[in-house]
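Peer 1: Sequence:
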Amino acid sequence: ELDTPVSISSSSLSLLSNRDLTTQPSCIIAHDIDPDRLKRLNGSCKRIGLADTNISIITTSDTANLQEKSADAVLVDAPCSSSGALRRRPSHRFQMTEQEICEVFPPLQLEILVDAAKMVRVGGRLVYATCSILVNENEDVVDAFESLDEFRNWERWPFSAGVGDDDDGGGNGVDDSTIGRPHCWALLPSVHDCDGFFVARWRRIE
22 ELDTPVSISS SSLSLLSNRD LTTQPSCIIA HDIDPDRLKR LNGSCKRIGL ADTNISIITT
82 SDTANLQEKS ADAVLVDAPC SSSGALRRRP SHRFQMTEQE ICEVFPPLQL EILVDAAKMV
142 RVGGRLVYAT CSILVNENED VVDAFESLDE FRNWERWPFS AGVGDDDDGG GNGVDDSTIG
202 RPHCWALLPS VHDCDGFFVA RWRRIE
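Each number in the numbering used here corresponds to the 1-based position in the sequence shown with 21 added.
Hints were generated in silico from the structure; no laboratory data involved. Please note that the accuracy of each hint is not assured.
[What the hints assert, rightly or not] Derived lysine to any residue pairs resembling SDA-like cross-links, with alpha carbons at most 20 Å apart:
| # | residue 1 | residue 2 |
| --- | --- | --- |
| 1 | K139 | I79 |
| 2 | K67 | C48 |
| 3 | K139 | S181 |
| 4 | K67 | D57 |
| 5 | K139 | K60 |
| 6 | K139 | D93 |
| 7 | K139 | D164 |
| 8 | K139 | Q88 |
| 9 | K139 | P46 |
| 10 | K139 | S211 |
| 11 | K90 | G145 |
| 12 | K60 | I79 |
| 13 | K90 | R146 |
| 14 | K90 | R173 |
| 15 | K139 | F172 |
| 16 | K139 | S91 |
| 17 | K90 | D216 |
| 18 | K139 | D57 |
| 19 | K90 | K139 |
| 20 | K90 | N174 |
| 21 | K139 | R225 |
| 22 | K67 | P46 |
| 23 | K139 | L169 |
| 24 | K139 | A150 |
[What the hints assert, rightly or not] Okay, the calculated beta carbon distance ranges per label pair:
| # | residue 1 | residue 2 | range |
| --- | --- | --- | --- |
| 25 | E124 | R61 | 27 to 37 Å |
| 26 | E124 | G144 | 30 to 40 Å |
| 27 | P111 | I226 | 24 to 34 Å |
Here a beta-carbon is modelled for each residue, glycine too, at the ideal position from N, C-alpha and C.
Could you build the full structure based on these sequences and the hints that come with them?
Peer 2: The structure is reproduced here in structure tokens:
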């Protein structure tokens, strides 16, 4: 599995917490351009005792170390405006700019998503996630990815029925922007009583 980029909250550790450590040996590769984040992740892995399991963690800040079509699953924990955390960090609104939301983050997010997609093997999974509630960074990026010629190698990976039963029953919150996108899931502070998040996912078919 490949996690790129590595968030400060360490999505790699979240992946590990949901794995059965008694199964066959596994490898998680964490990629980020910030070496300090990778160092913190290595320290966290040692603290939770991963050295005594059959899961190995490889950290890298160089994309040359990543082999195309080699990963069973890739999680893109994309850099974003963090607008989903405004309820918890209201002062953050004064650090957000329209230029970042409309012109800086979306093209960067798409670039990272396209590069990460190259690492997924045939039959593997690709997941795109942000802690944003803004369409510019979420559904618009999804639509841009699916409009590329390369998307012919992919299919949408819908969420199972019952996911998000506390909203509209379709796992898509009450956010109209996710209607018609069964492979997208928006967690909204006003609905789910948590920080806002967005997730989209696909399967590589060839």
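Peer 1: Next, verify each hint and record whether it holds.
Peer 2: Quick rundown of the hints versus the structure:
Proposed proximity of K139 and I79 is supported: the alpha carbons are some 18 Å apart, at most 20 Å. Note on K67 and C48: the hinted pairing holds, with a Cα-Cα distance of about 15 Å set against a maximum of 20 Å. Proximity of K139 to S181 is assessed by CA-CA distance (about 25 Å); at most 20 Å being required, the pair is judged violated. For a cut-off of 20 Å, the pair hint linking K67 to D57 stands: about 16 Å separates their Cα positions.
Using a Cα cut-off of 20 Å, the hinted pair K139 and K60 is violated, with the two alpha carbons roughly 25 Å apart. The suggested pairing of K139 with D93 holds, with an alpha-carbon distance near 12 Å, which does not exceed 20 Å. At roughly 18 Å between alpha-carbon atoms, K139 and D164 fall within 20 Å of each other, so this suggested pair holds. Between the alpha carbons of K139 and Q88 the distance comes to roughly 9 Å, so the proposed pair stays at or under 20 Å and holds.
Straight-line distance between C-alpha atoms of K139 and P46 comes to about 23 Å, which puts the hinted pair past the 20 Å bound. A hinted pair counts as satisfied when its Cα atoms are at most 20 Å apart, and K139 with S211 does not qualify at roughly 36 Å. Of the pairs offered as hints, the one joining K90 and G145 holds, with about 9 Å between alpha carbons and a cut-off of 20 Å not exceeded. Straight-line distance between C-alpha atoms of K60 and I79 comes to about 11 Å, which keeps the hinted pair within the 20 Å bound.
Under the criterion of a C-alpha separation no larger than 20 Å, the hint pairing K90 with R146 is consistent with the structure, at around 11 Å. Taking the CA atoms of K90 and R173, the gap is about 15 Å. The hint holds against a cut of 20 Å. Between K139 and F172, the direct Cα distance comes to roughly 11 Å. Compliance with the 20 Å bound is thereby established for this hinted pair. For the suggested pair K139 and S91, the alpha carbons sit about 9 Å apart, so the restraint of at most 20 Å is met.
For the given pair, K90 sits about 33 Å from D216 by alpha-carbon distance, which is inconsistent with the 20 Å threshold. Note on K139 and D57: the hinted pairing is violated, with a Cα-Cα distance of about 25 Å set against a maximum of 20 Å. As the CA atoms of K90 and K139 are separated by approximately 6 Å, the hinted pair is consistent with the 20 Å bound. In summary, the hint linking K90 to N174 is supported, as the alpha carbons are separated by about 12 Å, within the 20 Å threshold.
At most 20 Å may separate the alpha-carbon atoms for a hinted pair to count; K139 and R225 meet this at roughly 10 Å. Taking the CA atoms of K67 and P46, the gap is about 17 Å. The hint holds against a cut of 20 Å. For a cut-off of 20 Å, the pair hint linking K139 to L169 stands: about 13 Å separates their Cα positions. Straight-line distance between C-alpha atoms of K139 and A150 comes to about 17 Å, which keeps the hinted pair within the 20 Å bound.
Checked against the hint of 27 to 37 Å, the C-beta distance between E124 and R61 comes to roughly 30 Å, which is consistent with it. Distance hint check for E124 and G144: the Cβ-Cβ separation is about 36 Å, which falls inside the suggested range of 30 to 40 Å. Distance hint check for P111 and I226: the Cβ-Cβ separation is about 43 Å, which falls outside the suggested range of 24 to 34 Å.
Checked against the numbered hints given earlier, this structure breaks hints 3, 5, 9, 10, 17, 18 and 27; the rest are met.
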